[in-house]
Every structure is written in C-alpha cells, then in structure tokens.
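From just these sequences and the hints, can you work out the full model?
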Amino acid sequence: MTAIDAAAVTTPHKQRGETFFGRLWTGLTRSPAGFAGTLLVLLIVGFSFIGPLVVSKDNPVDATNIWAEPSAEHWLGTEYQGKDTFITLVNSGAEPIWVGTLAALMAVFVAVALGSIAGYYRGRIDAVLLQLTDVTVTIPQFLLMLAVVAFFENIPPWGIAIVVGSTMWAFLFRSIRAQVMSLKEREFVEAARLQNLGGARIVFREILPNMAGFIFVNFVISVNQAIYAIVGLFVLGLMPSGTPNWGLMIHNSWSQNFYLNPVTLPYVIAPLVMIVLFTVGLVTMGRGLDQALNPRLRER
Amino acid sequence: MTEPILSVRDLSIAYRTGRKESVTAVSGIDLDLYEGQSLALVGESGCGKTTLGLGLLRLLPNLGEITSGSLTYRLKDGSTQDLLAMKKEQLRRFRWNEAAMVFQGAMNAFNPVIRIIDHFADTLRDHDCGDGKKWTKAAVEARAGELLETVRLDPDRVLQSYPHELSGGMKQRALIALAIALDPKVLVLDEPTTALDLLTQRSIVQQLHELRAKFGFTMVFITHDLGLAAELADRVATMYAGSIIETGSARDIFYTPKHPYTAGLINAVMPVKGDRPALESIPGFPPSLKAMPSGCAFHPRCEFATAACQGERVPLELLTERPQAMDHAVACLHHDRVRLDRKHNDSPKETSRV
Amino acid sequence: MTAPTAPPPQQRAAAAAPPGRTASGVMRRVWTSYAFRRILQSVFVIWLVSTITFLLMHFMPGDPIEIMAGRLNSAGMSHDQALATAANIVNYDPDASVWAQYLDFLKGLVTLDMGNSLTSPSKTVFDHVMEYLPWTLFAVGAGIVLATVIGLSIGMAAAYRRGSAFDHAMTSIGSFLTGVPNYILIAAVVVIGYTVLGILPFLDMRGRVTAGVEPGFDPVFFGDALYHAILPIIAFAFTATGSFLLNMKAATTEVLTEDYVTVARARGLKPGRISRSYVGRNAMLPVIPQVALQMGTLVGGSIVIEQILDYPGVGQMLMSAISDRDYPVVQAAVIILATSVVIASLIVDLVLVKIDPRIKTEGQDA
Numbered sequence: 003m004t005a006i007d008a009a010a011v012t013t014p015h016k017q018r019g020e021t022f023f024g025r026l027w028t029g030l031t032r033s034p035a036g037f038a039g040t041l042l043v044l045l046i047v048g049f050s051f052i053g054p055l056v057v058s059k060d061n062p063v064d065a066t067n068i069w070a071e072p073s074a075e076h077w078l079g080t081e082y083q084g085k086d087t088f089i090t091l092v093n094s095g096a097e098p099i100w101v102g103t104l105a106a107l108m109a110v111f112v113a114v115a116l117g118s119i120a121g122y123y124r125g126r127i128d129a130v131l132l133q134l135t136d137v138t139v140t141i142p143q144f145l146l147m148l149a150v151v152a153f154f155e156n157i158p159p160w161g162i163a164i165v166v167g168s169t170m171w172a173f174l175f176r177s178i179r180a181q182v183m184s185l186k187e188r189e190f191v192e193a194a195r196l197q198n199l200g201g202a203r204i205v206f207r208e209i210l211p212n213m214a215g216f217i218f219v220n221f222v223i224s225v226n227q228a229i230y231a232i233v234g235l236f237v238l239g240l241m242p243s244g245t246p247n248w249g250l251m252i253h254n255s256w257s258q259n260f261y262l263n264p265v266t267l268p269y270v271i272a273p274l275v276m277i278v279l280f281t282v283g284l285v286t287m288g289r290g291l292d293q294a295l296n297p298r299l300r301e302r
Numbered sequence: 005m006t007e008p009i010l011s012v013r014d015l016s017i018a019y020r021t022g023r024k025e026s027v028t029a030v031s032g033i034d035l036d037l038y039e040g041q042s043l044a045l046v047g048e049s050g051c052g053k054t055t056l057g058l059g060l061l062r063l064l065p066n067l068g069e070i071t072s073g074s075l076t077y078r079l080k081d082g083s084t085q086d087l088l089a090m091k092k093e094q095l096r097r098f099r100w101n102e103a104a105m106v107f108q109g110a111m112n113a114f115n116p117v118i119r120i121i122d123h124f125a126d127t128l129r130d131h132d133c134g135d136g137k138k139w140t141k142a143a144v145e146a147r148a149g150e151l152l153e154t155v156r157l158d159p160d161r162v163l164q165s166y167p168h169e170l171s172g173g174m175k176q177r178a179l180i181a182l183a184i185a186l187d188p189k190v191l192v193l194d195e196p197t198t199a200l201d202l203l204t205q206r207s208i209v210q211q212l213h214e215l216r217a218k219f220g221f222t223m224v225f226i227t228h229d230l231g232l233a234a235e236l237a238d239r240v241a242t243m244y245a246g247s248i249i250e251t252g253s254a255r256d257i258f259y260t261p262k263h264p265y266t267a268g269l270i271n272a273v274m275p276v277k278g279d280r281p282a283l284e285s286i287p288g289f290p291p292s293l294k295a296m297p298s299g300c301a302f303h304p305r306c307e308f309a310t311a312a313c314q315g316e317r318v319p320l321e322l323l324t325e326r327p328q329a330m331d332h333a334v335a336c337l338h339h340d341r342v343r344l345d346r347k348h349n350d351s352p353k354e355t356s357r358v
Numbered sequence: 004m005t006a007p008t009a010p011p012p013q014q015r016a017a018a019a020a021p022p023g024r025t026a027s028g029v030m031r032r033v034w035t036s037y038a039f040r041r042i043l044q045s046v047f048v049i050w051l052v053s054t055i056t057f058l059l060m061h062f063m064p065g066d067p068i069e070i071m072a073g074r075l076n077s078a079g080m081s082h083d084q085a086l087a088t089a090a091n092i093v094n095y096d097p098d099a100s101v102w103a104q105y106l107d108f109l110k111g112l113v114t115l116d117m118g119n120s121l122t123s124p125s126k127t128v129f130d131h132v133m134e135y136l137p138w139t140l141f142a143v144g145a146g147i148v149l150a151t152v153i154g155l156s157i158g159m160a161a162a163y164r165r166g167s168a169f170d171h172a173m174t175s176i177g178s179f180l181t182g183v184p185n186y187i188l189i190a191a192v193v194v195i196g197y198t199v200l201g202i203l204p205f206l207d208m209r210g211r212v213t214a215g216v217e218p219g220f221d222p223v224f225f226g227d228a229l230y231h232a233i234l235p236i237i238a239f240a241f242t243a244t245g246s247f248l249l250n251m252k253a254a255t256t257e258v259l260t261e262d263y264v265t266v267a268r269a270r271g272l273k274p275g276r277i278s279r280s281y282v283g284r285n286a287m288l289p290v291i292p293q294v295a296l297q298m299g300t301l302v303g304g305s306i307v308i309e310q311i312l313d314y315p316g317v318g319q320m321l322m323s324a325i326s327d328r329d330y331p332v333v334q335a336a337v338i339i340l341a342t343s344v345v346i347a348s349l350i351v352d353l354v355l356v357k358i359d360p361r362i363k364t365e366g367q368d369a
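Residue numbers (my numbering), protein chains in the order written: chain Z, 3 to 302; chain S, 5 to 358; chain F, 4 to 369.
Just so you know, these hints were derived from the structure itself, not from any lab.
Among the hints, a few may not be true.
Said to hold, decoys possible - Calculated from the model, a selection of chain S residues having no Cβ within reach of chain F, i.e. all distances over 12 Å:
1. Gly40
2. Ala89
3. Asn112
4. Ser253
5. Arg255
To be verified - Here chain Z is said to cover these stretches of chain F; the calculated rule only asks that three of the stretch's residues, wherever they fall, bring their Cβ under 8 Å from a Cβ of chain Z:
6. 94-107
7. 152-163
8. 304-310
As the list claims (entries may be wrong) - Label pairs and their computed distance ranges (CB to CB):
9. S/Lys92 x F/Ala172: 46 to 56 Å
10. S/Lys92 x F/Gly210: 37 to 47 Å
11. F/Gly210 x Z/Val265: 40 to 50 Å
12. F/Ala172 x S/Gln328: 30 to 40 Å
13. F/Thr54 x Z/Gly244: 26 to 36 Å
14. S/Gly288 x F/Ala172: 24 to 34 Å
Where a beta carbon is used, it is the ideal one built from N, C-alpha and C, also for glycine.
Right, here's the structure in full:
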C-alpha cells in the first residue's frame, strides 16, 4: 500500500543475504514440530547408514537359538533362523531410504524441469504438458509398478526408483507450475526480463532459487510417497534383495504367519516401528518447513 | 425527526497481529446519522474507512475487534438498540433487514455455485419473520424479479444465471437489488463503483440516485473517489489514519475545506479511479498503523505543521453549527490558514452530472 | 464483458449470450463436450495401460509361453502338452508378428477375451478376475465413503475452530494418517489387537465370509461379508481420511476468507445455511478431485492390504497369479483394475461438473 521500495526490484533471496540453508535453518527453528520431525528423520537415517558401520555385520544363522527372547547379547532377541534381530534391523533401513530418495529426486527433477518450462513459457507447450499430467495422474502407479516387477523379475532397486519417480512427478507438476507462474509476475523477475536476460537464465537464477524452500518441502513429501510404494513392493516379496530391509522383514513375518505368535513380537514390530517413525518424521518435517518457508500458509 | 437513526460514540476497532499485540485501525469515532441523509466517508486506502464500514454492521473479520464505544440504531419498530449488546440471533435478524451493505468488488459477493435467484431465496427465507407469508418458489421469483427490474436488470436473463455468467456491472446491480430486498433503513456502500469501467460507474451512480429518491434510505458510502462523494453525499467525513479529521456538508468540504489533508485531496486532480494520482499534491505517505505519529497524525506531511501539532491528539473543533449533525468541524490547529488553490466555478454536483 | 449504461433489457439479453432458457441447448452441448473429452481421455488412459502391459509381456526376459509351459511341465505335464496348453491360453498366435499379436490383443480387450487362466485353462481370465473384483471394489468403495464422510466433516470443523486444541489434534491425526502407509497401520492394528492384546478376533475375520454362510440377498450374508471386510475397509479409510481431512481444512480456511461468505453473514443468513451451501459446498470442490486421485492409490495399495489381512480380493488373486507365472491373468487383472480406477475417477469428475457450474464454461474455452 505504500511505496514500491527500490529494494524489491533486486532478487529477494540475494537481497536478504541469506543462503538456502540459512533460510532452511530459520524455517526449522521457527517450527518446533518441524524441528522434531527433522531430528527424527536424521536419527533414523543415521541409525540406518551409520549404524551398520558401528554394529558388527556378523550375523550367523543359529538353528539352536531361534526366537530367543531379548537379552543383553541379543537386544531384540533372535528371529526364525536364529539371527540377531537388532543387527538385521540396523541393516534394514538403508535400502528403502536410498531407493525412496532416488525416486523422489527423479520425480522432483522432472516436475521442476517440466513445471518451469510450462509455467514460464505457457502457450502450446504448457497445454501439451498439462494434458500429459492429466493422463499420468490417472494411471494407477502402484499397479504399473507391479506389472513391471511381475514381468521383469530381478529388476534392480534403482530400476524401481525410476519407475516410481516417473509416475510420481505428475502430482508435483501443477504446483510447481503455479509457483513459477506467480513468481514470474513479481517485480524482480519483471526487472530481469526487461534486461533481456533470457528465459533459461531467469528461470535458473531468478525464479528457481526463490522456490528452493517450496521445492525442498515437496521433495520431503515425495520421499514419503516413494517409501509407500517401495516398501509395499518389498512387503509383497516381489523384489529380490540381497540385503535385509524393513519390507522384507514384514514379508517374512506375514508369509510364514510369524505375526500371529507373541514370541515373534520384537521381530514383527521392529520394522513397523521404524517405518512409522520415519514416515511420521518426514511428514512433520515437511509440514513444519512448509509453514515456515511458505508464507502463503502462515496464519493471517 | 429529532433522533438520529444511527449514533456512533467513541468507536475504536483494533486488529490482533500477534498473541498479545494488536494495532488500532479506527479510534474514537463519533458520528450521528439522520434518516434520509447520505454520508460519504472519504480517505486513502488503509485509513480505516472500510474497517469502520464493516464495524457499523459488526462484520469485522475474526482478527478484528471493536475495543470500545457504542453503535446505537433506531430500528423499524421505533425502538433503539445498541448493536454491540445484541446476541447472535438478534444480530443476524438485524443484518440486511435494518442495515444492509453493498461490498467493494461485487465480483466475489455472490456464491459461485448457486444461481442468482437462490441468493434472493436464501435471504428472504432466512428473514421470514413468521408473519404467515411463506416464501414459495413463485413468491421469491416475483419479489426478486421486481427488485431486479428496479435496478434495470432483466429478470429472465439474470435470475437463472450463475454469478460467473454476469458482467461486473450486472453483478453490482444484482447486489444492490439484493441489498434492498428487505427494505433496510440504512445502506452501507463500500466502494460501490471501484473496479467497474467508467460507463458502468456512471449508470450505477445514476441508479443509486433513483433508489434513494424512491426508497429514502439512509446511506453511508465509503470511497476514495471524491467525484462520487460530491455527487451522492449531502455530508462528507474525511478520514485519516483511523480518525475522522473533518466533517461537514458537501458544500463545506468541497468549497471551504479546513483541514490541510482534505484541501490536499481536493487540490489533487479529481481522481477518476485509484488512489495514487489523487495524492500527488500531498507529499509522503500515510503512516503505518504500527508507528502512528504523535499528536496530529498528519503532521509529518503537513505544510502548516508546527511544534504544537506534535504534542497532543487534536480533537474535532466545531466551526459552524447546524441541525441534524450537519455541523462543519475540523481537527486542525491551523484550520484558519487552509485555502483551496483552485477555484471551482460551479458546484461540483452540477459539473459532474453533465 | 461490461454492461453499458442500462440498456433495454431485451437488447441486453440478446447481446450477452449464454444461459437462461433460450440458450439451454447450447449449455447442454458444452456439457456433453466436456464429458466427451473426459471420456476420450479415460479411454486413452485405459489403452495406454493396456499397451504398456502388452509391451511388458512382449519384452520380458524369456518367452512367456516357454515360462508358463515350464511351470506346467514341473507340475507333471509332458513337455509338448505343456507347451500346447500354454500357447492355447493366450488370446493371440504366439508365432505371428508383434503387430498381429498386438491387434489380436486389442481385439481381445474390446471383446473381453483376454485369454484363459493357466491354472484352470478352461476358464477365461476375465471371468477369473471378475470373481474377485467385486470384493475388492466393495471394500475400497466403502473405505472411500467412510473416509469422505469423516474427513470432510472433521476437516471443516477444524477450519472453523482454527488454532484451537481440536484443530491441532485433528491436524496432527490427519498428517499421521496420510504420512504412514496404510498397510503398515493396519498391520500394527492386527499385531497389537490380536497378537499383543488378544482383543481382536482376527483369525475369524479373515477370508470373505464365515464357512457355512451362503451367498444370497439376505441380511445374514451381507452382515457376515461386512464383518469380514471391516479391517480392509478401515485400512482403505486410513490414508484417505487423513488426506481428505487436511485438504478440506485447507479449502475451508480459504473459503472462509472469501467475500461471498462475509456477504452471506451480512445478509443475516442462518449459520447452518452459510456453513452448508456457502462454505461447505465451495470448500468441497477442490477436495472432490482428490477423491478420484485417492481411488487409484487405494486400488493399487489394496494388493498389499489384502496380503496383510488375508482378504481374498483381486489383489490376493494377482499375487498368486504372479507367483504361478500366470501371465494372462496378471495382464488382465492390471488392465481391469486400472480400468475400474479410471472409470471411478471419470464418474467423480462428471459429478463435479454437476456441482460446480463454472467447469462447463472452462471446458468451453479450452
């Protein structure tokens, strides 16, 4: 309502002299829930990636000691082959997490690339891309994945990540496009356009950096969605895997009906708890960051 | 008529901005309005005129709050009531029936998913006072049709339409028709012509003239468009930074403004639309509600400002006393030094009516 | 479009085209064209998914006929006989060119002849899948309805009481439900309810119906079927409820700031009417497409849920077809499930047109 202050014409993210991580940090500290969620995520990522380096990998089969109760020697007892459940659990997180992250990276990358093109250039290409997303979102993604793994056995985990990523981007496309369209109207982009800086440069130097927070939040949410699909495939026992992982543990518990027997509880519950904690962490982190970084959602 | 139809005393309105913080948007408003009068509240955006307008019907958004004062209406049955003392259901029945409001930007005033006729039906049915008359579909259609014809809309075309099928001007007319559906005695109009093109503005103004002549309701209209004020008002109150700083008959305000701010507004080219062009002759910008200057809020921008202006808040001083609250009063220590630069040859009413 | 200074009514009606009685024929045409475009799009998606499954089967490592024959062979059939049976169950000639196979496949889709099942070669895969499909659709459908009712009403209530303890509690529950995969939540419910606490009669609740209950149009059968479907329904409702709740809260919060809501309050309308036809109806509009989107996720997820809960729907059937290498059944199940998802979201979108009058005109200028 007052002056168009001169500073508004320079790029906001530079003007404030803050890095993306700086703003991420402010965002996190401003939202206690988001902070707690991030801690939880970091804790589980640490447990799954640093844990295996600390804990002995040695986990022999011991037919004489199956379903042992938790003890000082076996913190979570042993499972159906007499292996130590805790060691299995420590080694079980890495695969779902990295495959999920890879899938989410892919989805975000495709969505950002196509979303900026559509939102910045509009016109015909925008119409075509919109039509394409309309079609892609109606394809039941999990079914498609299932078909892929059913026909192509022994598909590597990164292959699954690609399949998941290529069905997930469409859900992000529209919001990225809308953001680009609204940023495009802002003064600093207008100024860059008047200087004839060129589309690609404006998108990469002016628009995307100002959406970094928004993109990051969507990335976090995408990791969560990818985990849903990937762990699901493991639970169904459809993915060959050399290493133990959360989904495979659940698959073992169910396919052999262990879950009906109270003796097996530590083995059955452990992966459930890990997945619940990790996904809850991701969601709280995403929501907390969203509120802090995305002023539109802030309380009026 | 000796008693005013609306009497505002010491009204203050604040918006909460944080857990324990708030800013005062409107403070210490005193206002009397007599039946049939038409009062223009003029000022720049952000001066609190819309807040005051919403406050008159207790329609403030959740974060807004009337912090002090009273709002006394004389109702159709002759009794007087303080709006602030009303219970929820009583307030609901009061609204639209006693006082209706035409909003700024009628573009979004209608529910996009129901037809225009349903808006009339809802309004009529929810104010059914149990006098035996049932608002059947046919009755609603007849009444709504009659109202739309009053504002020169074709009922056959409009009644069955959805809001998005009408143009901005048609929506504004339809909203005016809806506003007079229950024969309210007071009509508050918030920027009734902003966002409309010139021709449509003209026809809406024309319409309001006719309606006022026909129904004789009391009008408060909020505008930054002095031309509109000159045309429709017999009284004008200038607002600045949440307070009324000058009030008087349209003649007083347009020929002998006594507040430097009012004079500045008039000296600026009579604006057609928008706020900014009008203010070129007044240096600086209105103060932020969070950092209000001491004393007279206008002093940082005022050519006549002296040390005294920065001291205490300047109260309205009565210049000319007239009946029915038509007094000319101003809140300026230096009002005797204020002169208009330009001489208007004719009455602004006449010029703008050509 | 602008209105000139009060022209005579008739002239205006003629100038500004669309609605009213005169133009109802035009409106109907626009509506049908929107519906038509949507239907076309759905057909395209079904074709796309079918073609993908065809290509997957074609490019899979190894020859599907050989693999299926190998399966029969190990089950005790002679090699030649197994090969003949396997070649016989697919709806195309294994020796023809890819294009001929593809045309056969498409023709089979249209005539609902998608080959026969490997495990019972006398049965067509379509009949086989249809035997399981209703159970899954029933559970998913009931779950969606439950989630819509609960999610929308709580979401709206939370928006009305924004910032209250109720709002915070419900929003947290909503994010929890959307965040955690539904099959994990229902697995936890089973393990805690049955294995740990022993209060959930999980063993009895498995399957479709209790042994001895005959299918038929009687309350005993429906009651029993519902009893067995309760856990799957809850599982399907979990994620959808959370997502509807959060979406509805956001949408309601937005609608509450709209001018027409303030105007409705100014008009002294009854609070019930305002929350129903002014706030609720408008807030629902952006949430309804979410229902369609959720449907796809849920039907896909049903495969995991049915596995976890031992509910013999189409998901469980699909899993055993995958482990039996019964490729025609896998193919048909994927296509039929995808088709039902696409049809369901088509229906939702067409219903949306009925509720939101603005979509028609959008369709017009596209």
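Here is how each hint holds up against the structure:
No Cβ of chain F approaches the Cβ of S/Gly40 within 12 Å, the least distance being about 22 Å, so the stated non-interface status holds. Residue-level check passed: S/Ala89 sits 17 Å from the nearest beta carbon of chain F, beyond 12 Å. For S/Asn112, the condition that its CB be more than 12 Å from all CB atoms of chain F is violated, with the nearest at approximately 4 Å. In this structure S/Ser253 is separated from chain F by more than 12 Å, as the shortest Cβ-Cβ distance comes to about 29 Å.
Taking the minimum C-beta to C-beta distance to chain F, about 28 Å, the non-interface status of S/Arg255 holds against the 12 Å cut. For the segment 94-107 of chain F, the assignment as covered by chain Z is violated, since 0 residues bring a beta-carbon within under 8 Å of that chain's beta-carbons and 3 are needed. Look at the segment 152-163 of chain F against chain Z: 0 of its residues bring a Cβ nearer than 8 Å to a Cβ of that chain, fewer than three, so the hint is violated. Here the segment 304-310 of chain F counts 4 residues with a CB under 8 Å from a CB of chain Z, which clears the bar of 3, and the coverage holds.
The hinted window of 46 to 56 Å between S/Lys92 and F/Ala172 is violated, with their beta carbons roughly 26 Å apart. The given range of 37 to 47 Å is broken by S/Lys92 and F/Gly210, whose C-beta atoms sit roughly 54 Å from each other. Evaluation of the 40 to 50 Å hint for F/Gly210 and Z/Val265 yields a failure: the beta carbon distance comes to about 25 Å. One distance hint, 30 to 40 Å for the beta-carbon pair F/Ala172 and S/Gln328, is violated here, with the actual separation near 56 Å.
The hint said 26 to 36 Å for the Cβ distance between F/Thr54 and Z/Gly244, and at roughly 33 Å that hint holds. Between S/Gly288 and F/Ala172 the beta carbons are some 49 Å apart, a value that contradicts the proposed interval 24 to 34 Å.
Violation of the numbered hints given earlier is confined to hints 3, 6, 7, 9, 10, 11, 12, 14; the remaining hints are satisfied by the structure.
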